[in-house]
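Peer 1: Residues per chain are reported as follows:
There are 2 protein chains.
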Amino acid sequence: MEDRFLRYIPLFQGLPEEQVKRLAESGRYKNFKSGELIAGEEEKVKALFLVVWGKVKIFRGSEKEQTIYLFGPGELFCLTSLADEPFPASAMALDDTRVLVLPSDMLEDMAKREPSLLFNMLITLIRRLKESMHLIELLSLKEIPQRLASFLLHSLALQGGGDVLALTISQRELAKILGTTPETLSRVLKKMGSDGMIAVKGRSIRMRDRAALERLSEGTGYPHGSQQNILT
Amino acid sequence: MEDRFLRYIPLFQGLPEEQVKRLAESGRYKNFKSGELIAGEEEKVKALFLVVWGKVKIFRGSEKEQTIYLFGPGELFCLTSLADEPFPASAMALDDTRVLVLPSDMLEDMAKREPSLLFNMLITLIRRLKESMHLIELLSLKEIPQRLASFLLHSLALQGGGDVLALTISQRELAKILGTTPETLSRVLKKMGSDGMIAVKGRSIRMRDRAALERLSEGTGYPHGSQQNILT
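Protein sequence lines, in the order shown, are assigned to chains E and G. All residue numbers for the first sequence refer to the numbering used here, where the first residue is 1 and numbers rise by one. All residue numbers for the second sequence refer to the numbering used here, where the first residue is 1 and numbers rise by one.
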């Protein structure tokens, strides 16, 4: 049964099985094709969305999209509907995606009676807030090589270390996280590659000179001085 | 008694008086001078801070500060300590400031037994997340006049409308929100003033041409075309 997967979601840990069942029964499953809009900015959505499979991009802006989050299986979004607020961003399927749509009033009722659910939601929000602070710092960096270095180091830390980052998104989508164009990102990747900082192979990026990346992300300068300006 | 003010904090609405009293007794008051650091980035703080009076700036980065939030009386920060996470930013007093330091384990205990407190915290976090999304969109705008227009319109909406924004911070601090230097901000303010968009008088900014500000913030261009590049 599809609903079984709900029991393995970190957000529902500690919740009595009875309640998990009720959750599953009150929700309805919905499929979206890659590129399809799930919810639009300022839309009054009265539901939370749980990703069953696929990938969802949360972004702001219309003329120029700025990606804020990427969500995968087991992740919940549109928590703002709990505060009766319109959706503060847009959500789009990046792959073919299946979501479970949970009515927010039902989830609010349940959360008020099940402190463990409420506490899990609080923890989820705290982690999201932390991620958004990282993105704010990244976007406050002026040069794209700096932003990319900061993104790479942060992503490696999130995946628990290692030297190789396997991107789950295209370079085009990565550009929308870094607040730049695909053309600039491609140029920056090439330059950082030929400078021996990274090695790019398809969607995998290997760090070759972590110290240089750290210096770059801290703003202590591109190791080759004035070339920084050529890149951006 | 100083603790009486706790009863009027939105976060503690719905909490039995007995619990509010316990909160007050378990906390300790601490004063900070303007410019003093309250908590540093990555510090393992085991407490939440409630602003009693004064003003607190939350920021990231050392070489280049990026302001993320400004908090005033009645606002709580360092909620990340509830998730046992180090403080993801730095907190600094912007005026002489008094805070109530509340141990996070005590607050966590209480929150788990008082769903109303937990729910109020959730709402607080949702609002903060929404604000951070606005800042992300603002920083994704390339030109400073665009960022300023977006900031002005958003701040007016937050204060519930009107045409005059009374800044509670200096232009120097405003520059740190907009991710620019005080010099650039001053130039942009002057230019937008002489173009008839705004009128700046000390810390008060009056909108003179809201339609132009909206066009600018939406990225449909500075009304005088190529002058946009001169400004940034």
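The set of hints was computed from the structure by calculation and includes no laboratory data. Do not rely on the hints blindly, as some may be mistaken.
One copy or any two copies: either way a pair holds, since identical chains are not told apart in the list.
[Claimed, not checked] With a cut-off of at most 16 Å between alpha-carbon atoms, the simulated EDC-like pairs for lysine to aspartate or glutamate come out as follows:
hint : residue 1 : residue 2
1    : Lys55     : Asp95
2    : Lys33     : Glu65
3    : Lys64     : Glu218
4    : Lys55     : Glu108
Since the model is a prediction, treat every value here as computed from it, not as a measurement.
Peer 1: Since the copies are identical, ignore which copy is meant and state whether Lys33 and Glu65 lie within 16 Å (CA to CA) inside a copy, between copies, both or neither.
Peer 2: neither (19 Å within a copy, 41 Å between copies)
Peer 1: Check Lys55 against Asp95 for me: Cα-Cα at most 16 Å, and say if that holds within a copy, between copies, both or neither.
Peer 2: within (5 Å within a copy, 44 Å between copies)
Peer 1: When no copy is named, should Lys64 and Glu218 be tagged within, between, both, or neither for a Cα gap of at most 16 Å?
Peer 2: between (27 Å within a copy, 9 Å between copies)
Peer 1: Within a copy, between copies, both or neither: where do Lys55 and Glu108 come within 16 Å Cα-Cα?
Peer 2: neither (25 Å within a copy, 33 Å between copies)
In terms of the numbered hints stated before, the structure departs from hints 2 and 4, listed from lowest to highest.
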